[in-house]
Each structure stands twice: as C-alpha cells, then as structure tokens.
Amino acid sequence: LIKMPVALTNDYCAGAIDISSTASTGYVSAHTREATVTAGAPDCFDFEQPYAKDVWFKTTVTTAGNYVIDIKNLISRYELPVPLADVQVQVLKNCGGSVILCRSSYKNQALPIIEKLDNDPTEYYIRIIETPNSPGWFNFDIAFRLTNTPTNDEFAGAINLVQDLTCNTVSGTFFNATISTNPAEDISISPKMDVWYKFIAVSTNPKIELKNTSANVKMAVYEGTPTGTAGISGGATITAAGLNIGQTYYI
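At position 212 of the sequence shown (counting the first as 1) the number is 212 in this note's numbering, and the numbers step up by one without a gap.
No lab work stands behind these hints: they were computed from the structure. Among the clues, some could well be false.
To be verified - In silico lysine-lysine, DSS-like type, Cα no more than 27 Å apart, as pairs: (1) 198 / 218; (2) 72 / 58; (3) 218 / 207; (4) 72 / 53; (5) 58 / 93; (6) 72 / 93; (7) 93 / 53; (8) 211 / 198.
To be verified - Computed beta-carbon distance windows for the label pairs: (9) 157 / 42: 33 to 39 Å; (10) 93 / 212: 24 to 30 Å; (11) 75 / 95: 24 to 30 Å; (12) 239 / 15: 54 to 60 Å; (13) 9 / 207: 54 to 60 Å.
All C-beta atoms, glycine included, are put in the ideal place defined by N, C-alpha and C.
Whole structure, please, built from the sequences with the hints as guidance.
In structure tokens, the structure reads:
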C-alpha cells in the first residue's frame, strides 16, 4: 500500500502555508508532489527553470531577533525513497517582495540563521526550491524559530583569554553566529559569521592559534574597541608583533 500525500495547496506564493506557530509547536510536514515553477520568481543561485519547481510558506515575526529555518527528514520519492541531497531556500519580504536571502539545506542540516529580523507586521515568505540534486518530488518537515546566538557573537560579549606560556585552549563554536555590524573588516575575505575573544597583552609578540576546526577561518586582532581597521590579520595562526603590554586586544 502506497500512501499518497495530501493535495498540494502551497504551489504558489498566494497559497503559502503559515508556519509561524512552529516556534512553539514543532514542525509542519510538507511535500512537493505536483509542484510547478513559479513564473517570475526571483533568482536563487543558478537553479532556474526547469529545475526551480517550488512550494511556499510564510511566517510573521513577533519578536525581533535571529531565526533559523529548520528542515529535516528530506526524502526524495524518485522511484524508491532515497535521502535527498539538497534543496534551495529563498526568503522574501512580502509575497513578491525583496529577497532577504538564498541558502542551501544540505543533507537535512539546519540552515544558517536569518539575522536580526524586525518584529514588524510584515509577513516573510519562504520558498523551497528543487535542484538538479533532488529528482522527483520529496517529503520534508519544516519549522521557523527564534534561535540563540553564542555569548560572544558580538565584541561586547568577547570571551577572555589568558596569555601564558602553557598555551591553554578555550573551546568555541560558530553555530548560530552572525556577522558583526560595528567593526571595519580588513581580513581579505567577506565574513559570513564571526565570534569574539579578548586578552590583555603580557608580551609584545604572542602567538594566537586556532585548533581542531575544519572551517575556512580568518582572524583579525584589534587594539582597544574594535571599530576600526584590524591591526593584525591572518589565517588560523597569527604571531603578533609590537603589542603594548597591559593593553586589551580583541580577536
């Protein structure tokens, strides 16, 4: 016995399913069977017709903050059920309005967060898009919820490091981190997210090193309040020079 999904009602933006309540009630089950391409929809990466078959959801933000679109149980229904590789997710402000972001949901991973949404009455529309890696139609569960950022997401919450000869390590994470809005960047890349640390220099040439990470990371060291150009920048290891003993530095 093969159980078919309920009829598709959210093939177009006007029929978007409201998932505002998932912040407290959990996930909403959905599918893309019989989905079509939304004519005139904005581009999302390079996946356009005939691959950009899509379904729509909407939500109203009642609390300003950082949100995550959480997608799980992605299962392709092409011939036999197999795990789905990925889909594209687009967020728009208003139906047919400006695009907030385009992101990938790869192998059932939660998407990076949507940063600092305002608690205005505007409805945000979420477009789930098929890609060449998602043959046939597919099932998935979706939720939209407020999320917590790391305590050191902004420089005001920078975690204190102690400079000594034993090189003690401190654990950290980029999970749910956002990009800081206040410091000028001078690290040769366009950051997607960052976290902050600080230390008081006890020598003029400390070594700062990142370990046990597979992320593509860069570091920048600021003297005092980090609102200007980074004085020192580099990759996963920095050997500073010319620091002022007793001065606070931000990483």
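**Asked** Is the Cα-Cα distance between residue 72 and residue 93 27 Å or less?
**Response** holds (24 Å)
**Request:** Below or equal to 27 Å on CA atoms is what counts here, so check residue 58 against residue 93.
**Result:** Roughly 10 Å between the alpha carbons, so the hint for residue 58 and residue 93 holds.
**Request:** Starting from residue 72, check that the Cα of residue 53 is at most 27 Å away, please.
**Result:** Distance of about 19 Å is within 27 Å: holds.
**Request:** State, for the Cβ atoms of residue 75 and residue 95, whether the hinted interval 24 to 30 Å holds or is violated.
**Result:** Roughly 28 Å apart at Cβ, these two residues keep to the hinted range, so it holds.
**Prompt:** Is the Cα-Cα distance between residue 198 and residue 218 27 Å or less?
**Reply:** holds (16 Å)
**Message:** With the threshold set at 27 Å, check whether the alpha-carbon distance from residue 93 to residue 53 stays at or below it.
**Reply:** holds (20 Å)
**Prompt:** Straight-line Cα separation of residue 218 and residue 207 no greater than 27 Å?
**Reply:** holds (15 Å)
**Message:** Can you tell me whether the CB distance of residue 9 to residue 207 sits inside 54 to 60 Å?
**Reply:** The hinted range 54 to 60 Å holds for residue 9 and residue 207, with Cβ atoms some 59 Å apart.
**Message:** Holds or violated: the 24 to 30 Å window for the beta-carbon distance between residue 93 and residue 212?
**Reply:** Because 39 Å falls outside the window, the suggested range is violated.
**Message:** Between the alpha carbons of residue 211 and residue 198, is the straight-line distance 27 Å or under?
**Reply:** Holds: residue 211 and residue 198 sit about 17 Å apart, inside 27 Å.
**Request:** Look at the Cβ atoms of residue 239 and residue 15 and judge whether their distance stays inside 54 to 60 Å.
**Result:** holds (58 Å)
**Asked** Lying within 33 to 39 Å: is that true of the beta-carbon distance residue 157 to residue 42?
**Response** Given a distance of about 35 Å, which is inside 33 to 39 Å, the answer is holds.
The structure fails hint 10 only (numbered hints given earlier).
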